[in-house]
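**Q** Per the working numbering, the very first residue in the sequence shown carries number 3; after that it's consecutive.
Treat each hint with caution, since some may be false.
[Claimed, not checked] Computed Cβ-Cβ distance ranges for the label pairs, DEER-style:
(1) Pro14 <-> Tyr111: 26 to 32 Å
(2) Thr51 <-> Arg97: 31 to 37 Å
(3) Arg64 <-> Arg167: 31 to 37 Å
(4) Pro31 <-> Thr51: 18 to 24 Å
(5) Gly16 <-> Thr94: 43 to 49 Å
[Unchecked claim] In silico SDA-like links for lysine to any residue, alpha-carbon gap of 25 Å or less:
(6) Lys172 <-> Glu90
(7) Lys172 <-> His134
(8) Lys174 <-> Lys140
(9) Lys29 <-> Tyr111
(10) Lys29 <-> Val6
(11) Lys140 <-> Asn63
(12) Lys29 <-> Lys61
(13) Lys32 <-> Pro14
(14) Lys140 <-> Thr55
(15) Lys32 <-> Gly102
(16) Lys29 <-> Ala75
(17) Lys178 <-> Gly161
(18) Lys140 <-> Ser60
(19) Lys174 <-> Gly161
(20) Lys180 <-> Arg167
(21) Lys140 <-> Val106
(22) Lys140 <-> Met36
(23) Lys140 <-> Asp59
(24) Lys32 <-> Leu73
(25) Lys162 <-> Gln145
(26) Lys140 <-> Lys178
(27) Lys172 <-> Gly144
(28) Lys29 <-> Thr131
(29) Lys162 <-> Val53
(30) Lys61 <-> Val45
(31) Lys140 <-> Thr179
(32) Lys29 <-> Val39
(33) Lys172 <-> Pro121
(34) Lys172 <-> Val153
(35) Lys174 <-> Asp136
(36) Lys140 <-> Pro158
(37) Lys172 <-> His118
(38) Lys172 <-> Pro155
(39) Lys32 <-> Val153
(40) Lys140 <-> Ser20
If you're looking for bench data, these hints aren't it; they were derived computationally from the structure.
The C-beta atom is built at its ideal place from N, Cα and C for all residues, glycine as well.
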Amino acid sequence: MSRVGRLPIPIPSGVEISMTGQTCTVKGPKGSLMQEVHPNIRVTVADGTAVVTRPDDSKENRALHGLTRSLIANMVTGVTTGFRKSLELQGTGYRAQLQGQNLVLTVGYSHPVEMHPLPGAAFVVETNTLLHVDGNDKQVVGQQAALIRRVRPPEPYHGKGVRYRGEQIKLKAGKKTKGK
């Protein structure tokens with residue numbers, strides 16, 4: 003049995019999980035999330051926990067078992083506490099600011115880069131070089147953070163660019179001059 007899949011998902015107070023056909027819906031204080039569940043996988047809700055089961059031990063079902071359990075657990079976390087991904091801007095003159103709900107990045111191009119939030123994501127600019135992506139859907143928050151990082155990924159010689167908070171960039175050595 004899958005080590006991830008066999009763990010029951012605890013349901014905190016204020017959270018409701020319901021199955022309608024093959025759709026799992028999780029409702030909580032921070033909103034509602036829906037996820038399609040593969041027909042081979044069963045989700046049972048009882049006694050304050052949700053249990054994910056599979057019919058047999060085929061390779062596909064084993065993979066889907068752990069995946070489904072993780073997706074539902076992330077949905078429960080999302081509707082209770084939410085998710086946050088932090089990004090740092092490093093470089094002279096690099097800064098981020100909000101214009102309404104949109105994020106405007108000044109990262110060394112001849113023009114500012116304007117980004118619109120994906121549905122379910124929101125931008126928070128703490129300082130002009132530190133920003134956060136908040137939301138209740140882990141996949142959307144991660145996708146939005148990746149789109150921001152892709153605007154100017156950290157370059158390997160000086161480390162300038164947009165990076166995840168705490169991300170270590172392996173810097174390369176510069177040119178070696180010939181000794182005389």
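**Q** None of the hints should be skipped; say for each whether it holds.
**A** Here is what the structure says about each hint:
1. Pro14 <-> Tyr111: 26 to 32 Å: violated (44 Å)
2. Thr51 <-> Arg97: 31 to 37 Å: violated (46 Å)
3. Arg64 <-> Arg167: 31 to 37 Å: About 35 Å separates the Cβ atoms of Arg64 and Arg167, which means 31 to 37 Å holds.
4. Pro31 <-> Thr51: 18 to 24 Å: Cβ of Pro31 to Cβ of Thr51: about 19 Å, so the range 18 to 24 Å holds.
5. Gly16 <-> Thr94: 43 to 49 Å: holds (47 Å)
6. Lys172 <-> Glu90: Measuring from Cα to Cα gives roughly 16 Å; hence the hint holds.
7. Lys172 <-> His134: Distance ~23 Å between Lys172 and His134 Cα, so the pair holds.
8. Lys174 <-> Lys140: violated (33 Å)
9. Lys29 <-> Tyr111: violated (42 Å)
10. Lys29 <-> Val6: holds (23 Å)
11. Lys140 <-> Asn63: Roughly 23 Å between the alpha carbons, so the hint for Lys140 and Asn63 holds.
12. Lys29 <-> Lys61: violated (31 Å)
13. Lys32 <-> Pro14: Holds: Lys32 and Pro14 sit about 13 Å apart, inside 25 Å.
14. Lys140 <-> Thr55: holds (23 Å)
15. Lys32 <-> Gly102: Distance of about 22 Å is within 25 Å: holds.
16. Lys29 <-> Ala75: Holds, at about 13 Å.
17. Lys178 <-> Gly161: Holds. Lys178 to Gly161 sits at ~19 Å (cutoff 25 Å).
18. Lys140 <-> Ser60: With a Cα-Cα distance of about 28 Å, the restraint between Lys140 and Ser60 is violated, given a limit of 25 Å.
19. Lys174 <-> Gly161: holds (9 Å)
20. Lys180 <-> Arg167: Violated: Lys180 and Arg167 sit about 38 Å apart, past 25 Å.
21. Lys140 <-> Val106: holds (23 Å)
22. Lys140 <-> Met36: holds (12 Å)
23. Lys140 <-> Asp59: Violated. Lys140 to Asp59 sits at ~28 Å, over the 25 Å cutoff.
24. Lys32 <-> Leu73: Holds, because 17 Å separates the two Cα atoms, which is no more than 25 Å.
25. Lys162 <-> Gln145: holds (21 Å)
26. Lys140 <-> Lys178: violated (44 Å)
27. Lys172 <-> Gly144: holds (22 Å)
28. Lys29 <-> Thr131: Answer violated: Lys29 to Thr131 is near 34 Å, above 25 Å.
29. Lys162 <-> Val53: Violated: Lys162 and Val53 sit about 46 Å apart, past 25 Å.
30. Lys61 <-> Val45: Judged against 25 Å, a Cα distance of about 19 Å means the pair holds.
31. Lys140 <-> Thr179: violated (47 Å)
32. Lys29 <-> Val39: holds (16 Å)
33. Lys172 <-> Pro121: violated (33 Å)
34. Lys172 <-> Val153: Holds: Lys172 and Val153 sit about 19 Å apart, inside 25 Å.
35. Lys174 <-> Asp136: Cα-Cα ~33 Å, so violated.
36. Lys140 <-> Pro158: violated (28 Å)
37. Lys172 <-> His118: Outside the cut-off at roughly 30 Å; violated.
38. Lys172 <-> Pro155: holds (13 Å)
39. Lys32 <-> Val153: violated (29 Å)
40. Lys140 <-> Ser20: Judged against 25 Å, a Cα distance of about 20 Å means the pair holds.
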